[in-house]
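J.: Using my numbering, the first residue of the sequence shown is number 1, and each one after it goes up by one.
Simulated from the structure, these hints should not be mistaken for lab results.
Please note that a few of the clues may not be correct.
[To be verified] Straight-line C-alpha distance at most 27 Å; calculated DSS-like pairs for lysine-lysine:
#  : residue 1 : residue 2
1  : Lys81     : Lys58
2  : Lys286    : Lys217
3  : Lys58     : Lys84
4  : Lys25     : Lys333
5  : Lys139    : Lys149
6  : Lys192    : Lys301
7  : Lys46     : Lys336
8  : Lys333    : Lys315
9  : Lys150    : Lys315
10 : Lys138    : Lys84
11 : Lys175    : Lys46
12 : Lys149    : Lys84
13 : Lys333    : Lys150
14 : Lys315    : Lys221
15 : Lys45     : Lys84
16 : Lys58     : Lys45
[Stated by the list, open to error] Label pairs and their computed distance ranges (CB to CB):
#  : residue 1 : residue 2 : range
17 : Lys336    : Arg49     : 19 to 27 Å
18 : Arg145    : Ala296    : 17 to 25 Å
19 : Lys138    : Glu95     : 35 to 43 Å
20 : Ser75     : Asp161    : 30 to 38 Å
21 : Asp304    : Ser190    : 24 to 32 Å
Beta carbons: idealized from backbone N, C-alpha and C, even for Gly.
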Amino acid sequence: MKAVLFFASPIGLGHATRDIAIAEKLHGEEILFISGEGASRLIEKKGYRVLDAYRPEKFIVQDGQLQQSFKWLMSYYSYYKKCKEIAKGVLAEHEGLVVSDEDFASIAVAEGARRRRVLITDITETHFTRGAASLIEKKMNGAMRDMMKKCDCVIIPDDGDDNGNVSYVGPIVRKATADRDTLRRRFNFSRKTIVVSVGGTDAGRYLIERSLAAYRKLRDKLDADLVVVPGPSLQVPESPDYRNLGFVDNLHELIYAADLVVSLAGRSTMDESIAYGTPGIFIPIKGHFEQEQGAARLGYKHEDIFRLESLIEEKLGRGGRNNNTMNTGGAEKAAKIISTLFV
1 MKAVLFFASP
11 IGLGHATRDI
21 AIAEKLHGEE
31 ILFISGEGAS
41 RLIEKKGYRV
51 LDAYRPEKFI
61 VQDGQLQQSF
71 KWLMSYYSYY
81 KKCKEIAKGV
91 LAEHEGLVVS
101 DEDFASIAVA
111 EGARRRRVLI
121 TDITETHFTR
131 GAASLIEKKM
141 NGAMRDMMKK
151 CDCVIIPDDG
161 DDNGNVSYVG
171 PIVRKATADR
181 DTLRRRFNFS
191 RKTIVVSVGG
201 TDAGRYLIER
211 SLAAYRKLRD
221 KLDADLVVVP
231 GPSLQVPESP
241 DYRNLGFVDN
251 LHELIYAADL
261 VVSLAGRSTM
271 DESIAYGTPG
281 IFIPIKGHFE
291 QEQGAARLGY
301 KHEDIFRLES
311 LIEEKLGRGG
321 RNNNTMNTGG
331 AEKAAKIIST
341 LFV
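Sequences and hints are given; from them, build the entire structure.
T.: What follows is the structure, encoded as structure tokens:
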């Protein structure tokens with residue numbers, strides 16, 4: 001069977017959310033997603049066919065800091081080899097274009113099978129380790145760059161100048177189904193509302209705990225409601241202090257309807273916050289280079305976790321939404337590139 005074979009990294013939910021945004025712009029193409037865990041559940045809830053095949057290694061995070069990064073890197077390499085075997089099985093049964101959102105195993109297998117392939121990625125190299133361990137990571141980065149050069153196209157969801165097989169399409173965000181006032185009524189947001197979200201892993205438990213502590217101290221002063229979205233990997237107890245929405249498939253709409261979002265520094269959540277003009281506070285996992293770089297773009301660092309109270313008060317006190325929203329045509333541009341290669 002011929003289809004667009006969409007391999008979405010299951011590490012977090014950000015890859016799945018932007019891939020759904022692209023899939024919504026692919027009209028007429030048969031799509032089969034390959035992912036895992038919470039990402040697979042999210043994709044399936046949106047009505048797409050998905051193979052729930054991947055079981056990613058989890059980051060070891062304590063008090064908001066990444067631990068044992070070299071051990072995680074070695075575990076990730078073992079996971080990568082397992083993913084290659086899964087990808088081989090998928091490609092043996094299905095014809096069609098291979099699209100990978102930071103699932104480099106499928107790119108490697110597709111290269112060996114001489115299949116057309118598109119890579120979607122925010123990063124061109126990783127920086128998880130230091131010292132002697134970084135020599136191994138450097139070698140892995142070299143292999144990753146070599147795979148990128150051989151792809152039919154590399155789509156980067158950011159602004160920049162196209163170069164060779166690299167196409168910059170701008171941020172990729174999901175489209176809301178209604179205007180903000182309608183969404184606020186739908187979600188019963190009658191007062192100022194803070195949404196706390198930590199994505200698809202259990203790495204953000206510390207941020208939820210810190211946010212709850214800050215909110216309880218500020219509650220009487222702020223006259224605002226708190227909504228917690230812990231995602232598929234965390235269990236948060238029920239409390240009269242806040243609304244616990246659990247795992248949702250429309251976080252972008254909650255962000256749009258909210259007055260403030262507090263989140264880990266995942267790229268998709270930050271882009272959706274900017275796109276919909278909702279002020280945000282983004283706390284990166286310390287030692288997670290990708291989150292630290294992304295947060296720095298917006299002026300945040302890990303240590304801001306210790307001043308959540310003042311940040312929340314400051315952001316809500318301004319009383320307005322951001323006017324410097326960004327271009328949100330990235331999904332359409334990415335879909336157009338993919339469609340031209342799907343023959």
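J.: To test your reading of the hints: which numbers does this structure violate?
T.: 8, 9
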